[in-house]
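**Student:** Protein chains in written order, with the working numbering: chain E, 92 to 463; chain S, 862 to 1227; chain R, 178 to 247.
A hint or two may mislead.
Okay, the calculated bits of chain S under chain E, using three or more residues with CB under 8 Å as the criterion [to be verified]:
#1 969-983
#2 1064-1072
#3 1077-1084
#4 1115-1126
#5 1149-1162
Keep in mind the hints are simulated off the structure, nothing from the lab. We put the CB at the ideal spot given by N, CA and C, even for glycine.
Next come the chains, spelled out residue by residue.
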Amino acid sequence: MNNNSLRLRPSVSVIPTSDAKIWEFFQSNTRRMKHIRLADAQLAQIIFSLNNDSISDLIIKFPHLEKTINTLIPVLVEWCMIEYVSVANHIEASRYYRFLNFLADYIPSNKVLGIFNNIEQSTVLIVGVGGVGSWIATSLAQSGVKNFIICDPDVVKPHNLNRSLFKSDDVGKLKTQVIHRNIELLGDNYNIIEVNHLIESSKHITEILNRNPNIDLVINSSDYPDVDTTSKIIFKPCMERNIPHIIAGGYNLHLSLIGATIIPNETACFKCIEKGLEEQQEEDFSSIRKLQRKKRNIGNLSPLAGISASFTINEALRVLSKSEKLKPIMVNRRGEFNFLTSEVAFSDFEKRSDCAWCGIEQRHNKKIQRTV
Amino acid sequence: MIELSFKPYLRDGIDVYINDKDKTVIFVFLSTRERIQLNVDDYLVLLLPEMDGKNTIKDLISLSSKESQKNIISFITYLVGKGVLTDSDWFDKLKFSNEYKERLKKQIYFLMDVTSSAEEAYRVQNKIKNTSIALWGVGAVGSWVLIELLQMGFERINIFDFDKVSESDVSRHGFFSKEYIDIPKVEAYQNIGNKINPSASITSIEIPLNTETNLDSYLNDTELVINSADEPYIGYTSISLSRYCIKNNKLLFVTGGFDAHLASLGEMIVPFKTPCSDCYNSYFKESLKDWKPVKHVITNRDKGIGGLISLNIFSASTAMLSILQYFISPSVFLSRSSGRGEFKFDDYSIDSFTVKKDPNCEVCRE
Amino acid sequence: MKSEKFTIQEHGFEEVKIEKGMVNGMAYTGDCSGGRSDCCTRTCSRDGNFAASEEGWEKFLKVEGGQVQY
C-alpha cells in the first residue's frame, strides 16, 4: 500500500444489470447513479474488489488490461466512485467525516480535502439570527465554517422559542450572544463577530464589508420591517463588491419561500427578480389596491423554519465550496414549499439587461469598488 | 345567528386586495396562498377597513345605512364562516395558561391561518399539548424531531436511545455540544429538552430496540410513536414498532433521513388506513427483486458513509409537518396516497412514489 | 477529462444512458419517477457488523421468504 492506493468508496454500491457488460454504480449519499459498459468482465471484478491497490499494483496483476486501467481508474476517481485510501483515512479521522463523505460524492478524492478547506476558511455574514437565521448560522458551523459575522439587534423573547434555536434560559439575552455561545460549544476554533445594532441603511452594511474585506457570502435572514427593505439595504453593497448573497426564505408573510442565490453580474440579481415578479403579477393584481392594515400578528411554524433553513444551508455550502462541481442551484430562481402537500415548485427569472442594479448600462456608469 | 355586539376582526394572516373598477375583493391566506375571490358592492367594501375588532356590527351598520343591515350581517356571517373574519378576543379567550400561550403565540396564529376558526386552532394545539409521544432514536434525525416537538408545544415525550454522543455528531445533531461527548444521548437530550421547555415532561430511557425489547412495557400509554432508530437497520425497528402499533391501535411515524435515504420525507402509519411497515417491506421486496448490489469489498463501512445536517433537518421537519397535517385533518391527510418521497440534493426536486396497502398483509389486512 | 468521450472500442469502457423502463435488470414501478428512490438502505450502507444481528432479527420478525427490505 502506498499513497496512491485506491478503494471502492464505502458508500458506493455496484449492481449487475441484466446485460452482463453493463454495471450500475450507485452513490448512496446523493442517490445518483452511472451505468458503465465494460469491455472485459474482469474489469468489473477489479473495481468492486478494489481495496488498497494502486494503479501500478493493478497493472502488475492484470498486465493485459494496462491500457484500460490507466484510463478507467482515474475516470472512476473523477466520477467519485473510488477514492484514495490515504484521503479516506484522513476523512475517517475527522470529526466532520460524515460531511466530508457527502462532499466526496461530488468532489473527487484528490480534491475533496481542499474543497472542505475552502468551506472551513470562508467567512459568512448573516443578517438576522432569529427564526431561520439561528438554524443557518449553527448548521454552517456544524458543517465546518469557522468565521462568522452575525447581526441582530434583538434579545430573545418567549415567543421566539416556538421557532428559533434558543432555549428557555436564553430569554432576555442578545440573540447574537446566544448564537455565538452555541457555536463555540461545538468545540472547534471559531472567529465570530457580533453586530448588535439594527441595520437601517446600506451604509451599515458597507461599514461591515469595509472592516471585513474577505467575506465570501452574505445571507439575509432578517425581515424587519420587511424582506424587501432588508434585501435592498443589504444586497446593494454586495452587488458593488461582487459578493455572492442569498435571500433565506421563511419570512413572516411568506413562510414557504425558498430564496434566490445571487452571484453578482452572473445571475439575476434582487432587482431583476423584483422586476420579474412585478411582470408576473401584473395580470393578477394590476389596478388593484391592497388594504393597508396596521400591527398584524403573523404566525410561523418550526418545521417550516427548518425546511427554509435547509435550502439556504445547501445553497450556502455550494457557494462556499467554490467548486465548479457544486454550483448553487437557486440561481435565477425562487421556490415555494407547499405546506399542505409537501411539494416544491420553482419559478425562473432572468438576468435583465435593463436592470437598475446590474444592467449593462448601469455597469458602465458605475464605479465598482473592489475588495482588497 | 350572529350578535350585533360581535366585533369582527379581519384576520392577520390574510391580505386583502380590492379592485375598485370591477368591484372584486380577493382575500389571500398568507400561510397557504389560498384565495377567495368575491364580487362585492361598494358599501360593503367600505366597511372592510372598519372590521378591526373595535367596531361592533351595530357600529358598522350605523356607518353604512339601516337598509343595508340584512346584507351587512349576511356578508359578515359569510366571512366568519370562511375564516376571513374572527372574534377580536379569540386569542385571549383560549384556554391555555398565559405562559403556554405566550410561548406558542406564533404557532397559534399560524393555526388560525390554516384552520377555519379559533375553535379549530385551539383543538389542534390542545391535541398537540396532550398527546403522549415515544421517540425512538435521538440521533441525526431524532435530535431535530425532539427540538421541533418541543417548539411546537408537545409536552409529554419519552425518548429512547442506547447510544452515546460522539465527537462526529457535531456535523449532524441538533444543539450539539462538546460537553455532551461520551454521555448517553438520552441523557444529553433530556437535558437539552428541559432547557427548551422546562414545563415539558421528558423521560429518558437508555435501551436498545432489539428482539428482546418488551414494547408494551414502554409504550402502553403512548399515543404517537416516532421511529428515528436505524440501528441495526431501519427496516427491523420499523417493522417491530409497526406490528406493535397496529395491534394496539397507535399512530406511528417512521421518519426519513437514514443512510442511503438522507433526505426522505418519512411515512405516517395509521393502523388499517395506510400501509404498515410490513406492507412497505413487501413492496420493496418486489420492486428490488432484481436489484442486488455486489457485497461491498470493505466490511467496516461505518466511517465511510456520508451525511449532511440540512438533510437531517429537512427529514425531521417534513415528519413534523406530516404529523401536524394529520392532526389538523386526518381525513384530508388520508385522502392523499401513501408512499415515499425523497428530496434530492442534486437538483432540489422531490421524487415520490406510491405504496399501497398489501391486501395479503398478515399484520394489517382486515 | 469531462469533455472526453470514452468509447468501449478505444478505452474499454463507456458510459451508458439508461431511460426509464428500458433496462430489464432493474425493477421500476409504474409510479417511480426514475430517480431510484426505491432502493433500500440495507446493502448500500450497512457494514459487515450488521450481519451479526441479522439472523436474530430475521428469525424474530418471521418475514416470509426471509430478508427485510426497507
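**Student:** Within the segment 1149-1162 of chain S, is the number of residues with a Cβ closer than 8 Å to a Cβ of chain E three or more?
**Tutor:** holds (count 9)
**Student:** Within the segment 1064-1072 of chain S, is the number of residues with a Cβ closer than 8 Å to a Cβ of chain E three or more?
**Tutor:** violated (count 0)
**Student:** Examine the segment 1115-1126 of chain S: at least three residues should have C-beta closer than 8 Å to a C-beta of chain E.
**Tutor:** holds (count 5)
**Student:** Just to make sure I understand the rule, a stretch counts as covered if three or more of its residues have a C-beta closer than 8 Å to a C-beta of the chain. Does the segment 1077-1084 of chain S meet that for chain E?
**Tutor:** Per the Cβ count (0), the hint is violated.
**Student:** Three residues minimum, CB to CB under 8 Å: does the segment 969-983 of chain S make the cut for coverage by chain E? Let me know.
**Tutor:** holds (count 7)
Violation of the numbered hints given earlier is confined to hints 2, 3; the remaining hints are satisfied by the structure.
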